[in-house]
Every structure is written in structure tokens, then in C-alpha cells.
Amino acid sequence: MSESDFALIDRVLAGEVEAFDLLVQRHQREVYRLTYRMARNQEDAKDLAQEAFLQAFRSLAGFGRKSSFYTWLYRIAMNLCLNHLKARPRAPSGWEPGEIEAGLPDPGEDALGTLLADERRQALVEAIEALPPQQKATLTLRVHQGLSHKEIAEILECSEGTAKANYFHAVRALQAKLRRYRAGS
Amino acid sequence: MAACEAYQEGLLALAEGELQGGDRARVEAHAGACPACRAELVAIRETLELARGIPVPEPPERFWEEFAAEVGRRVRQEAPARQAPAPAPSLWERLRDWLPLRPVPAMALAAAAVLVVALGLLSTRHGRPGPQMVMAPTQEEISLAANLDVLEVLDVLENIEVLENLDLLRRMDGEGRPVKG
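Each protein sequence line maps, in turn, to chains C and S. Going by this note's numbering, the first residue of the first sequence is number 1, and it counts up by one from there. Going by this note's numbering, the first residue of the second sequence is number 1, and it counts up by one from there.
Chain C is nowhere near these chain S residues, computed Cβ spacing over 12 Å in every case:
no., residue
1, R26
2, A29
3, C34
4, W92
Derived CB-CB ranges, DEER-like:
no., chain 1, residue 1, chain 2, residue 2, range
5, C, L13, S, E28, 48 to 54 Å
6, S, E78, C, G64, 20 to 26 Å
7, C, S67, S, L91, 42 to 48 Å
8, C, P132, S, D23, 25 to 31 Å
9, C, S159, S, A36, 26 to 32 Å
10, C, Q25, S, A36, 45 to 51 Å
11, S, R52, C, P132, 19 to 25 Å
12, C, R182, S, R73, 48 to 54 Å
13, C, L13, S, M1, 57 to 63 Å
14, C, E43, S, R73, 14 to 20 Å
15, C, S67, S, R52, 23 to 29 Å
16, C, A176, S, E65, 38 to 44 Å
17, S, A6, C, S59, 42 to 48 Å
Quick caveat, the hints were computed from the structure, so don't treat them as lab data. Small disclaimer: the values here were computed from a predicted structure and weren't measured. Cβ atoms here follow ideal geometry from the backbone N, Cα and C, with glycine treated the same way.
Pulled out of the complex, with its shape left as it was, chain S reads as follows (with noise of 0.2 Å):
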């Protein structure tokens, strides 16, 4: 005969100490009064102490010696990396930290109108065949490179030369020209 499905979860409940109060004295009485009740308790009480008895063999002491060396080993080679200083910045970090993005529109424009120049000018300046020199770059252009968030993570900008001569930038009027004195 099954114990009784109403019953089921608070006979392992009180097999197990967790009931209190009046869930105990009901689950109890009822377990009482009810055969197959009683041998579901005496059975969920049985498979929990089988259970309980399973082993697990025990290393000998030499075990966790080695078990905690080894894990002292590896924590050493990973600490040093974790310890390490933070990198130097890059190029364009640098860059960025001289000239904010955001969330000064102006300063943008004005960045972008830089670089699109100074990527013309380069060109010339090297003779490397490059972008073709634009002294003015469209308003369009200089809206377009300002909004890009491509400019944030544009890695190749941290090798292109202009990046290297920012007194140059400097030295340059709205229209891309050199500035004299």
C-alpha cells in the first residue's frame, strides 16, 4: 500500500527534523494513524542513513600536502600577471584624454576636421599614395567623422604618423592650412 500523496513531502520533512509546531504534531498524527504512512517514515528514514553511510575513501595525508602545493603552485603563476602595473596607454588613449569626444559636439567637429586634413596633407607631405588631398573637407565629411563611434576604437589611427606630429595639428587654420609663425 503507497503512503498517502497528501503526505508525501511532510514525512520526509519530519524524517529529517524539520518540521515544528503543528506541521509536526499533523504530519505525526496522521503517520500514526495510517500503516502505510508509518512505513514510508521508517523507509525514507532508512534510505537516508544508507545514504549517509556512503563512503568517501580518504586520502592519506600525503594527499593534501600535494592537493595544496599544487594549488599554491599555480596561484604563484597566475599572481605575478594579476600584480602586474596597468599598461601604458595607447596612442589613441593619449589622444582621446587630449581631445574629449563627449559630450562636447564643438571639440568633435573641430577633431575630426583635423584628422581629415591631416590625412590629406600627409599624403602629399610623404608621397605615399594615400587619400586624395581634400583642403577643405565638406561639412557633410567633418558631421560624419564626428559622429562615428568608429573614431573611439579606430586602433589604425594609433599608427597613422599625423597622430605623432599633434604641434602640426596645432599649427593648422580652419581650412587646413599651415599657420605661419
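Chain C extracted, bound-state conformation (with noise of 0.2 Å):
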């Protein structure tokens, strides 16, 4: 049975950096998934995801275990992400490479019914980079990181109101923008 989280860092904090290892292994893909979402560009979010764990690894000693290791990743992540975001100049526009290959169907699929969604898709992208920062923080770990408005209101460091509406500006930003698009096609 693999050790939990607070196991590894009791001995990340007795002196066995090899713990930190594990801990990287196990959340360092769920930690550049957000990083990536949040900063559509694979260099910078891998830079975002190392700083984050660096980060943490430095607050090791201080983390309380008030909410679990994950949160508390998140949010130093989100962190880096939000201050990355103030400090861009433009946000990308259209698929970053890779993100078509990686949207690609089964060939199977109906292909006019793929192209419209890619097309709708793309539509949606623009939408969330053109989001407000906290209200593209919230819609990524709500709907990509499946997270409960209480752990997006920890990580995010606001009440639990304030997440919610935050979503749901930034769903209802969503849906205006698919219908223009409905109504530009």
C-alpha cells in the first residue's frame, strides 16, 4: 500500500529527500494539466508546475495540513499561475501545437460532425483566454479538475460564494460566446 501524502512529507521533513520524489511522481501531472490550462504554452507551464513543487518543498515545514497536500499544491500553483498571467503580455490565441493531435477523434467518427466541434471548440478557447484571471481559475478547477466549490474557494483563498459566482460568470461568458458563434456560422 503506497504511503499517503502526509506520510511522505514526515519524511521529506526528517531529511529524506527522496520522499519529495514520490510526492513529484505522484502529482506532477495533475500539477502541469492546471499550470497548462492556466498558461496555454508547454515551456511556460512546465516552468509554472517545477517552481510550484519547488515552492512547496520550501513551505514544507510551515504546510498545517488544514486541507490536503493537493490543495495546498494547487494553490501555490495558481498562485504562480494568476502572477504569470498579469505578467503576459497577450494571451496565445487559436490551438497551441499539439492541442489539435491531441483533440483528434477515433476515425470512426462522423468527420464534418469533428470539424464543427473543433471549430466550436476553438471558439470556447478564445472564450476562456479571454476570461478575467480568477474567473478563468475557477471554470479550470471546476470543470478540468473536477473540484468542489469548497476546495476551489481554499485554493483560490476567497469564500465559497464568491468561487461560485465566479463559475458562473464565467460559464454564462461561455454560452454567450458559443451563441455568437451559432450566430456567425
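Please dock the two separately framed chains into a single complex, following the hints provided.
Okay, structure coming up:
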């Protein structure tokens, strides 16, 4: 049976750096996916995710364990992403390299239907990139990470009501974009 | 036709399966009766499904090995610094331990008097320009020195030779004169 995150943290704090390697291996994929969805750039996502782990390592002694380790780690990652978005001059538009291939359907699917779905997803990607950072963060954590409003509030250090409101406004903004897309096409 | 404003948030919660019991029944009943809200519910579900389908390009396995290795390398660069032994206490910290400044006002006054006298003594003993020699500091000077919080942070005190000669200080009387014997 694998050790819990808290047990690994105890080992790290006792001086076993190898235990932190296990934490990285356990959480690296989800943290990277989170930073990728926020940054939409592989290099930036990798740098942000690695920096999140480093900051977690430096702050490990101060982790009070009032939340799960991954909630705390996501908070660190999300703060880095939000700072990154503030500093970035312009959000990327259109598909990033690899996103089209990643979205390719099975060969048996209807080609036209797939094309239309791709175009709608493209419109949605643009709409997500245009969201205010807090709404984008909330949407990402809810839709792509599957977190509850309570967990999102902990990560973004806001009230649950604020998290729900941000999410509601984000979804409405995406719906408005899709309506305009349908009207235009 | 736009969906009913009062049901907007409820429709989103219903689309995500978040509503239970009476709230769920109420919103479902309304959506069943209101064409605009029924269309809105369908649109919300489609939007969320499309959003969930936005892909993240999955890096090759080698990426994860290199990712973890890089984090491990940087963590190990920092780990020795975190585990380094605590630095030896500074001269000031040793003096402070030997001569607690609070909450003993009498000791603070005595320490301040000794330091003020010793500064004057040192300047004449080594023949260097320094503070004017004061054989007996005034009460005001002693109280001022005792109350100055700066006494706790003056790094410059670490460099004053008098602190290296604590024995000399112990052998002084209250007037700053060396005690014979």
C-alpha cells in the first residue's frame, strides 16, 4: 500500500529528500495539466509546475495540514499562474502546438461533425482565454480538475460564494461566445 | 427568448448534478414548463461538455522523467542549506545571554553604565580618537542607554573591543575605576 502524502511529508521533514521525489511523481501530471490550462504554453506550464513543487518543498515545514496536500499544492501553482497571467503581455490565441492532435477523434467518427466540434472548441478556447484571471482559474479548477466549490475557495483563498459567482459568470461568458459563434456561422 | 433570471444559477447547478431534494424538483419542474429555461439547460450542458473536451497535449513519458529529475536536482541543491547547522551565536548574542536586558531594569542599568564607562576607558587606553572619557556617566545617560531598544540590535557593539574584555568590566567599580586586587 502506498504511503499517504502526509506520511511522505513527515519523511521529507525528517531529511529524506527521496520522499519528496515520490510526491513529485505522484502529483506532477495534475499540476502540469493545471498550469498548462492556465498558461496554454508547454514551456511556461513546465516552468510554473516545477516552480510550484520547489515552493512547496521550501514551505513544507509550514504546511499546517488543514487541507489536503494537493489542495495546498494547487494553491501554490494557481498563485504562480495568476501572477504569470498578470505579467504576460498577450494571451495566446488559437490552438497551441499539440492541441489539435490531442483533440483528434477516433477515425470512425463523422468528419464534419468533428470539424464543427473543433471549431466550437476553438471558439470556447478563445472565450476562456478572454476571461478575467479569477474566472478562468475557477472554471479550470471546476471543469477540468473536477473540484468542489469549497475546494476551489480554499485554493483561491476566497469565500465559497465568491467561487460560485466567478464560476457562474465564467460559464455565462462561454455561453454568450458560443451563441455569437452559432449566430455568425 | 432569455432564460428566467431567477433560475439562472439553479439551471447551472442542475446541469452539474449539484441540486438535491426540493431544490432539484423545483428547478426541474420550472425547466419542464419554461421553454427558454429548458433551452438554457441544454445550452449549459453543451457548453460544459465542450469545455471538458478541450485537450491538454499529453507529453511523452520522457518529459515526466526529465520533469521529476529537474525538480529533484533543484530540491537537492536547496536541501543541504536547509539542513545546515545553526550558525554560532554572535558576540552580541553571547553578551545578551550573559547580561539579560529585560525584564530586569536594574541589570540593564548596570550593563549600560559598564558599557558607557568602558567605551571611555578604551578610547584613552588605546590612544585612539574616540568618545570623550567619562569617569562617571550621568544618571540620564545611564537611563537612556538602558532604555534604548537599539541596544538589542547594535551590530556595531560586536566590533567594540571592550566586549572581548569582559573580565576587565567585571573588575570595575560603580564609578568606572578599576578595582584593585
